[in-house]
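Undergrad: Chains as they are written, first to last, in the working numbering: chain F, 117 to 318; chain A, 15 to 552.
For the record, the hints were derived by calculation from the structure and aren't laboratory data. Some hints here could point you the wrong way.
Unchecked claim - Taking lysine to any residue pairs in the SDA-like style, the calculated list, with each CA pair at most 25 Å apart, reads: (1) A:K164 <-> A:H509; (2) F:K296 <-> A:P86; (3) F:K296 <-> A:V24; (4) A:K497 <-> A:E33; (5) F:K296 <-> A:V42; (6) F:K296 <-> A:A89.
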Amino acid sequence: MPTKIGEVIEASTTEFTAQCYELHRPPPFGSLVKTREGEVEIYGVVCSAETTSIEPGRRPIARGGEEAEEEDIYRSSPQLAKLLRTDFSALVVGHGEGLGGGENEKGEKINHYLPPRPARIHSFVYLCEPEEVEKFSRSFDFLSILVGTGGQADELIAATLRHTAAAHRDPRDFLVMAGKELALLLSGETNRLNTILRRIRG
Amino acid sequence: MEETRLGIVVSGSLTKGVEVRLDSATSVEDMAVGRYVTIEGEKRRFFGMITDVELDAIDPRLMTAPPDVSDPFIAEVLSGTSTFGRLHVLPQLTMGGDALSLLEGPQQVKTVPTHFSVVREASEQDVERVFGQVEEKQFYIGTPLDMETKVRLNPAELVKRSNGIFGKSGTGKTFLARLILIGILQEGAAVNLVFDMHSEYGWEGTSEEGRKVKALKQLFPSKVAVFALDEESARRRKVSTDFVVEIGYDEIEPEDIAMLRETLGLTEAAVQATYRLARRFGERNWLESFLAIEGREELNELAQSLGEHEATLAALHRRLETLRRLSFLVPHARDNAIQRILEYLDRGINVVLEFGRYTDIAAYILVANLLTRRIHERYRERMERAMGEDTAKPRPLVITIEEAHKFLSPDISGQTIFGTIAREMRKYNVTLLVIDQRPSGIDEEVMSQLGTKITCLLDNERDIESVLTGVSGKSGLKSVLAKLDNKQQALIFGHAVPMSVVVRTREYGSPQSYKELGIREAVELKKKAEEEAEGLWG
């Protein structure tokens, strides 16, 4: 059973943002998460996470001057946890058209391209289990979506590959194959390719 | 059995050959020029030769800032993707997929395979299909690189045109020539007349390692006669000679001297003077009479009466004096060498003329030209008579000459008999087997008339260029030719082979090889003996 980690609070075709149920515990950068829109399961890779005050105008203030341990701050002001929130965003990298159930059952087809509709607000977000990650990453088509995102795309690609590789039986073999795919996608951008390769080598 | 997949066709043209991008699993280091590949086109199969291997990269920046390949991971990722190997393949034959084309067998290529056709290593069966149509009258010359299939030549086809064997010195021209001669001889496709400059075709020769190697007369005693110019040398080497050749001064004509122009360093005026001398003293006596003149004054007188420049005549006299050193030249020959040679040839016996110690080029050119001219004349007469009277044509004759560029250089090939033979091909049933190390010295017109060319390693650009004159896919074959091994490898192309092929030439010189070569001879002899026995006892 995949772990429920949060709830969608903002969604577009290419991206969705979710609030974590647990403060300071967003899914790791580059990990695979999923949510659903009706019958469609939407997969995303975590591309950023942030913890902020729940009210945009109120910034937290430093409180630990008198405390010995960081944890003591939260202990002495338990309301703090309620005034802060952790959000994370995920880039949509594919979707599965399942017949039912929350789980991704065998025989379900995973498409490595954008879903027809964005995720619904308040949909639950789950962290994918290694088996599902393995299944999702049997094709490298999702890499082309990541390559084109701009910003920290290279960091994101490297992190995603590191995560997905761990789900495979032979991580090195997987990374070599992924590297070859990237070499073709980034054929004119040798520097980017090198940057990514250096970040994913064992 | 599935042959190894090498890559896919990515571009190309019929004239220049196709480009093949290697799969990432294929290492360029496993490739070699001269090897065969098959290309699986949409409708037909192509058969081609690798003519170049190239490294390429998807992005030129990769070359200027090479990645950190000390990391095996990065090296593995990049190989075959960002960096990859490319093959240049020259398609040569094609085979359609339908039943009719299966019957027809491989055809010359007239198109190229489609994009992304799969390229595989050619299997033994593929090569067998091309070269292996075993017919009775074929002669095995070697095997393609890394293969067991035998490449065969058809001697009867071969002798229909003049052929050439080329290669740097020490690359095995002589060995190849011996093999070809044996092939022609065994099948009785033609009789050979070999002008054997270094005395290595008739009797024993030595291999480069100093091992003694048997030659024609030892292998086929009943079919080969050794003629010698130098009896002493032959006797010393314990060669059983059949005839000692002498040439009379009276047989030398001004044309024969003209051929020596370059070798003797004669001026054009001096050559013209020989014709005047011949008119003055008579065709048969001019050389003897001219050489008999001793004093300077006498020579000057002659010059005046002929209207020649004195210095010209003096120089001519001095140069022709060198001919006196050749002791096979005598005032009057005791026997007619030409007649003898023809007699042997008519009986189907191959003649090897050994030069013994007369290895200088002047003697070689003089004798080869003189004999060939007369023999060719006779052949022509007979051939014409045969055509007119519908009688039997003379046996096809193959004349083997070494140092061919001395006979067939652009300046003189128009005049020499060899130039004529090379050009008129088999009209008169006489063809050439030219052996040479400087093919660039041979007239282009003659080169283009050669039917089959067998060439060992050549590294001079001009030599390579001249050998490949008029061959399709020249640029591709160039690199193949320049990369042949020093020994036992040759590129064969032209009339007698279905496609250009690099062969590892068959062994020659070991007892086993003689046995293989001689088997046919032995079988024939036995058959003949049986027939005779039957005839005897009724």
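Undergrad: A separate judgement is required for each hint: does it hold in the structure or not?
TA: Against the structure, the hints come out as follows:
Under the criterion of a C-alpha separation no larger than 25 Å, the hint pairing K164 of chain A with H509 of chain A is consistent with the structure, at around 18 Å. Between K296 of chain F and P86 of chain A the CA atoms are separated by roughly 14 Å; this keeps the pair inside 25 Å, and the hint holds. At most 25 Å may separate the alpha-carbon atoms for a hinted pair to count; K296 of chain F and V24 of chain A meet this at roughly 19 Å. Pair hint K497 of chain A plus E33 of chain A holds up; C-alpha atoms about 20 Å apart against a cutoff of 25 Å.
Restraint check: the Cα-Cα separation between K296 of chain F and V42 of chain A comes to about 18 Å, which is no more than 25 Å; the hinted pair holds. Pair hint K296 of chain F plus A89 of chain A holds up; C-alpha atoms about 10 Å apart against a cutoff of 25 Å.
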